[in-house]
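J.: Each chain, letter by letter, is given below.
There are 2 protein chains.
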Amino acid sequence: MPRFPALSAESNRLQPAVFTRLLPLLRRLPEAPLPLHIGDTFLEPPAAARLSAVTSSEDRALYPYSSPAGDAALRDAFCRRWTDKGLQGLEIPGVHVTVGATGAVQAAIRTFASPGDDVMILAPFWPLVRGITLSCGANPLQVPFYDRVRGGADVTALLEAALTPQTSTVYVCSPNNPDGTVLTAAQQQAVADFCVRHDLWLISDEAYCDHAFAPAAHRFIANLPGMSARTASIYTASKSYALAGLRLGFLVGDPGWLELARRVSTHQVYNVPLVCQRAVQAAIETGDAWVQDARAQYESAASWVAANLDARFQPAQGGGYVFCDVSGELGDKPALTWLAELLVEGVSIAPGVAFGSDYERWVRVCYMSLPLPQLKVAIERLNRSLARLRRGESLAYEGPSLELDLGGLS
Amino acid sequence: MPRFPALSAESNRLQPAVFTRLLPLLRRLPEAPLPLHIGDTFLEPPAAARLSAVTSSEDRALYPYSSPAGDAALRDAFCRRWTDKGLQGLEIPGVHVTVGATGAVQAAIRTFASPGDDVMILAPFWPLVRGITLSCGANPLQVPFYDRVRGGADVTALLEAALTPQTSTVYVCSPNNPDGTVLTAAQQQAVADFCVRHDLWLISDEAYCDHAFAPAAHRFIANLPGMSARTASIYTASKSYALAGLRLGFLVGDPGWLELARRVSTHQVYNVPLVCQRAVQAAIETGDAWVQDARAQYESAASWVAANLDARFQPAQGGGYVFCDVSGELGDKPALTWLAELLVEGVSIAPGVAFGSDYERWVRVCYMSLPLPQLKVAIERLNRSLARLRRGESLAYEGPSLELDLGGLS
Chain A
1 MPRFPALSAE SNRLQPAVFT RLLPLLRRLP EAPLPLHIGD TFLEPPAAAR LSAVTSSEDR
61 ALYPYSSPAG DAALRDAFCR RWTDKGLQGL EIPGVHVTVG ATGAVQAAIR TFASPGDDVM
121 ILAPFWPLVR GITLSCGANP LQVPFYDRVR GGADVTALLE AALTPQTSTV YVCSPNNPDG
181 TVLTAAQQQA VADFCVRHDL WLISDEAYCD HAFAPAAHRF IANLPGMSAR TASIYTASKS
241 YALAGLRLGF LVGDPGWLEL ARRVSTHQVY NVPLVCQRAV QAAIETGDAW VQDARAQYES
301 AASWVAANLD ARFQPAQGGG YVFCDVSGEL GDKPALTWLA ELLVEGVSIA PGVAFGSDYE
361 RWVRVCYMSL PLPQLKVAIE RLNRSLARLR RGESLAYEGP SLELDLGGLS
Chain B
1001 MPRFPALSAE SNRLQPAVFT RLLPLLRRLP EAPLPLHIGD TFLEPPAAAR LSAVTSSEDR
1061 ALYPYSSPAG DAALRDAFCR RWTDKGLQGL EIPGVHVTVG ATGAVQAAIR TFASPGDDVM
1121 ILAPFWPLVR GITLSCGANP LQVPFYDRVR GGADVTALLE AALTPQTSTV YVCSPNNPDG
1181 TVLTAAQQQA VADFCVRHDL WLISDEAYCD HAFAPAAHRF IANLPGMSAR TASIYTASKS
1241 YALAGLRLGF LVGDPGWLEL ARRVSTHQVY NVPLVCQRAV QAAIETGDAW VQDARAQYES
1301 AASWVAANLD ARFQPAQGGG YVFCDVSGEL GDKPALTWLA ELLVEGVSIA PGVAFGSDYE
1361 RWVRVCYMSL PLPQLKVAIE RLNRSLARLR RGESLAYEGP SLELDLGGLS
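Order-wise, the sequence lines are chains A and B. Numbering follows our numbering, with no gaps: position 57 of the first sequence is 57. For any residue, its number in our numbering is found by taking its place in the second sequence, counting from 1, and adding 1000.
Simulated from the structure, these hints should not be mistaken for lab results. It cannot be assumed that every hint is accurate.
Partial list, derived from the structure: chain B residues whose beta carbon lies under 7 Å from chain A [as the list claims (entries may be wrong)]:
no., residue
1, F1112
2, S1135
3, L1200
Just so it is clear, the structure is predicted and the values come from calculations on it, not from any experiment. Don't be surprised by glycine CBs; every beta carbon is placed ideally from N, CA and C.
Please take these sequences and the hints and turn them into a complete structure.
T.: Laid out in structure tokens, this is it:
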């Protein structure tokens, strides 16, 4: 039993985000690079969801505690809208309002996975899910998946080969962050069958459910036979309505286990601020046209990137990113060293290792963080840097050592 | 390794709040009882902290992600104000913004206590701390304390008798929820000496730091020799500024361990909504007069309750509650049965068992949840019910069985 100054097992398992190693350099640059490393949008949220629109009446209810489960009016609006989208069997007791998708994934993993369990994380994955799993004392079992599937690999074979006796839970994300894969109906069915066959819980991160591009289409995996009781479906106003700053997500599933997830959540945050819930309710009730327009804009950006980014990647079928294999360009150069050079060249992208330990020589490029004209400038800078790497040229740069800024880490 | 439908060890350790057993009855009553069971204030927050005041400019920064550590301007405002109050050595890197005191206690316990550790919780205590400790896989070691100390018991003797080899962390709260105890300088020094002597971490919940009533005074335990490095000090806008609905707290301490606590917090909520941070910043920068007035109102209420509540309790020295030993009145009657009768009689109070398993025949009475005229009505109802119990009379009531509504639980 370690006491002061020793810290807990849980906290010692958590690492800072890889990108933070680049921050000291970023802060020293005379001009901020164009930000393609982030996971957020340049779009402004729906007008009805503006905070000034939901606070003008000086509603006294905004200041005391509110329901740990979430406001009934918001949960009702969610049920109606997501029922319209096709999610079956939705009722208010099956919806819990969380602090973003982060809070929802956190509560779901803590509810399904005990310390020592393996959580099968289909990779490349949303970076925080690894740390969340570690913080639960569980083991993130990273399964290279989406890039293999896009390359024609069989879903069932990939999953069966990765299964361990300790696996209790699977984490899947479609449309996927970081690579824009949208699973087909057949692929999704194979994931579902695997969960049913092995009595596994499923955490289905559907943060980008509103941003699948035809002919790809978002489908609700919880609708498949045998899945409703075992699936935690997760949604977020961050991606659906450009409201990341309000930190509001939805954890959806069977009221039986959801009651326990609610207790987990109550002990972490008690309730979500009502002002944020009011804004998201307005977005849900009035934001359909906004969502259609946002999807069209993201799709245009994704198409432009697919045609113009001179790198090795699968075109996005949804979401907000492409994930590029730059091993050919990097040669012996550590990925983070190139990302530091890129900052100097005026564009920032995210290191692949954040999305899975198998992806150290990949990078994630966000195409929704800038309007198209600026996105084009950023991608051109990225293309020039990749061309420089291919020609084996050094960065033309006179300044403090980039290596030093990385602390020797790759 | 249990799979679906088995749930995790962590979630299975968490229980719903005791008071929820009364909710079905509460919902059936023709008129809502006067609410003295809650932990919130009737006061409106400082005008400058109203959400309409901080959202009128349509600040675009409110909608994207913001810093997981908290907004620098808020942290700076906190440092200045709390330095003025007397907390020493405060710097921005030593302040982390959390989702309420709940988020702060959650992050602190997860950072200090490993699974299997004992966390010494001085009782009676804020109800969520027990579940938070359980959710970390640690053991809540409940130490009857504040009532013993008010009765003249020696702090050091109480603590030494309770210490186990597995203890890594102590949780203390002053001014205390639920009993209004404010530790004296000598008592606080004894707690500090105990932590130093046994290499223990200290979580000092100072949610009610602005509400100690003279001659009692709030003192910062982190200022004592040897305490700064081992103390997590916790504050909240919920109690300081009547902003519970905004869910904003502060976790304060040495930047070394705080960096790990920040990682824990980042994996639970990512960041706190900036709109809430802006409102609390305004409260901190302009709310001094408001705080003085609020304290005066609470102190008046506490004085009135001390003189007029006909029960066995120590007068509040701070905070917002008194904690009453009603074992004499209850006789053989289960406490929850009486609380159900009280609902029918028009007043709700909180069951003592929520504040520690040694306090099953105690109740918490909040005196800050109603303006004084209504508080007086509520206390008179409470007095009448206590008198009825003392006379051995039954509740005059014709309606559905109260026992049935409690599910036979006491």
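J.: The hint names L1200/B as touching chain A; please verify it with the least Cβ-Cβ distance against 7 Å.
T.: 6 Å, holds
J.: For the hint on F1112/B, does the least C-beta distance to chain A fall short of 7 Å?
T.: 6 Å, holds
J.: Hint validation: S1135/B versus chain A, beta carbon distance must be below 7 Å. Holds or violated?
T.: 5 Å, holds
Hint check: no violations occur; every hint is consistent with the structure.
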